[in-house]
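Colleague: Build the full structure now, drawing on both the sequences and the hints.
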Amino acid sequence: MTQNANAPVVTLTEAAKHFGAVRALDGVDLSVAPGDCVGLVGHNGAGKSTLVNLINGSFAPSSGQVAFPGGAAGVRSVFQELSLCPNLTVAENLRISHPGLKGPGWRRPARAEICAALDAVFPGHGIAADAEVDTLSIAERQMVEIAIGFAPRGGQARLVILDEPTSALDAGIADQLLAHVKRFCAQGGAVIFISHMLGEIFEVATRIVVLKDGRIVAERPAAGFTRQGLVDAMGHVATEEAAREAESRPPPGAVVIAAEGIEARRGEIVGLSGLAGHGQAAALARLYLSQSSDWRAGRAPRAVFVAGDRPRDGVLPLWSILRNITASILPRDARRGMVDRDRERTVAEEWKRRIGIRTDDLSNPILSLSGGNQQKVLFARALASDAPVVVMDDPMRGVDVGTKQDVYAMIRAEAAAGRTFLWYSTETEEVCQCDRVFVFRNHAISAELAGDQITEERILQASFEMQEAS
1 MTQNANAPVV
11 TLTEAAKHFG
21 AVRALDGVDL
31 SVAPGDCVGL
41 VGHNGAGKST
51 LVNLINGSFA
61 PSSGQVAFPG
71 GAAGVRSVFQ
81 ELSLCPNLTV
91 AENLRISHPG
101 LKGPGWRRPA
111 RAEICAALDA
121 VFPGHGIAAD
131 AEVDTLSIAE
141 RQMVEIAIGF
151 APRGGQARLV
161 ILDEPTSALD
171 AGIADQLLAH
181 VKRFCAQGGA
191 VIFISHMLGE
201 IFEVATRIVV
211 LKDGRIVAER
221 PAAGFTRQGL
231 VDAMGHVATE
241 EAAREAESRP
251 PPGAVVIAAE
261 GIEARRGEIV
271 GLSGLAGHGQ
281 AAALARLYLS
291 QSSDWRAGRA
301 PRAVFVAGDR
311 PRDGVLPLWS
321 ILRNITASIL
331 PRDARRGMVD
341 RDRERTVAEE
351 WKRRIGIRTD
361 DLSNPILSLS
371 GGNQQKVLFA
381 RALASDAPVV
391 VMDDPMRGVD
401 VGTKQDVYAM
411 IRAEAAAGRT
421 FLWYSTETEE
431 VCQCDRVFVF
441 RNHAISAELA
451 GDQITEERIL
461 QASFEMQEAS
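In UniProt numbering, the protein residues as written are 1 to 470.
Be aware that one or more of the hints could be misleading.
35 Å max Cα-Cα, derived DSBU-like pairs, lysine-lysine [unchecked claim]:
| hint | residue 1 | residue 2 |
| --- | --- | --- |
| 1 | Lys182 | Lys102 |
| 2 | Lys404 | Lys352 |
| 3 | Lys182 | Lys212 |
| 4 | Lys352 | Lys212 |
| 5 | Lys404 | Lys182 |
| 6 | Lys212 | Lys404 |
Beta-carbon label-pair distances, calculated as ranges [said to hold, decoys possible]:
| hint | residue 1 | residue 2 | range |
| --- | --- | --- | --- |
| 7 | Ser63 | Pro86 | 35 to 41 Å |
| 8 | Asp386 | Glu429 | 27 to 33 Å |
| 9 | Ser290 | Val339 | 25 to 31 Å |
| 10 | Pro251 | Arg341 | 38 to 44 Å |
| 11 | Ala67 | Ala450 | 54 to 60 Å |
| 12 | Arg227 | Pro317 | 34 to 40 Å |
| 13 | Glu456 | Gly27 | 40 to 46 Å |
By construction, these hints were calculated from the structure, which means they are not laboratory data.
Glycine is no exception: its CB is placed at the ideal position from the N, C-alpha and C atoms.
Modeller: Structure representation (C-alpha cells):
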C-alpha cells in the first residue's frame, strides 16, 4: 500500500508519562510531518527529554497514544549525552545501529557510509573512519553521533531528533549542521530540534513548541515569536539573590595564576576563547593541574573544576544528588574524620535552592535529573567549596537560557567575593561575560582582550587571524 507522503511521521495524542507522583509529561498533543523542523524549547526539567523518549520508544506512555502512521522505521535520536562506544572506531560505532552491515566484508561499506555522512553534514571534518572514538575530542564525537543519525543505515532517516546538538561545537561547525538540517527538511525529512540557544531555534525551526512543567504552553510558526516572547513563554526561573549579590564588584586584586601565558587576578573572570580544538582545553587542564596536582586532597583545595563533559568528567553516576553536590566539602566539614550528615544536608539544600535544582528529594540518584539539572549539581559542587579558583571547561552545555542568566549572576557574585574564574567556552555570549579574554589560534594566544575590547567581532577576528597580544 502506498503511504501518503504528507502523512505525519509521528503523532502524540494526550501523551503522558508519570514517574510515581511526578508528572514528567502531562497530556501532550503534537504532530510532526515531513518537511517540519520543530524547535522544542523549555527550561531544564520541562519534559523535553521525556517527550523524546516517548517518540523513540525508550518509554511507553502512562496514558495517551504515540502513533507512527508510516511506521517507526527511520526515526532517529541524537542524544545530548553522547552514546558512542569509546573503545570502538567510528565505523564500528555505525555498525551497532546498522543491521545491514554483516559478514566478513562489512568494514569497507561501513567506512564509506560514515565518511559520506560526515562529508554531507560537516564538510572538511578531518575525522578518520578507523579512528577510535576515545581519541577524538568531544566536538568530534558529537559530529560522529550526528552523522550516524543522518546516515542511511539500510534505509533513509525520516525524523531525526537532535537534543542540544551544537553544545560541544564551535560556531563554524554549528553553522554546517544548521545548514544541513535546513537541506534535510527541504528534501522532505523532519527534525525535532532541541536547543537552549535561541538563535539556532529561530535559524532552523519552521514551528516552535514551548514545554513547561510537562505541558505545551505555546505552539506556533517560528515567525510568530520574538526572542523575548519566547523567553516569556518558557517562564523565568532565575532567582534574584545572585543578581543582588553581584551588583557591585571591587576591582581585581593580586595575581593568583600566571602560567601558559595567562594571568588571572583575585576576583577576576578570565575567559579562554577561539575555535574549538586550538589548544584552549589543554591549556585550561594544565592551569587546573598547576593548582590542584597534589595526590592527597586537603581540607582547603586551591582549585575546583566544573566539567562540560558530564558523563566523562563530571557526575558520579552511582551516587545520589546530595553526595554529588557535597563531594567537594566532605573533608572540610568532617568531624574527626567522620562525615557530618546534618551539615552535609544543610549545604546541599542551600545550593539546591540557590541554583534551582529541580528535585523533590536530594537522595534520588543523580541520573534521575535532566542533563541541565545535572550540570547545576556540578556548579553547586564547585561553588559550595572554599576553593579560591574555579576552573570551568565549557560548563553551560545543555543549560537553559534562564538558568544561564542565573549562573552568570552567581559567578559575578562569587567573583565579587574574591573568587577567580577561568572559563573556557565555545559560546561567544558566555565569553563576553568575562573581564579579560585570551583568544587561542593554533595552540597559541593570538589576542588578549579586556573591557570594551571583548566583542564577538574582535574574538572572531583573533580566532582566524594571528595578532599580537595587546
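Colleague: Give me the numbers of the hints this structure contradicts, sorted from smallest to largest.
Modeller: When the structure is compared with the hints, none of them turns out to be violated.
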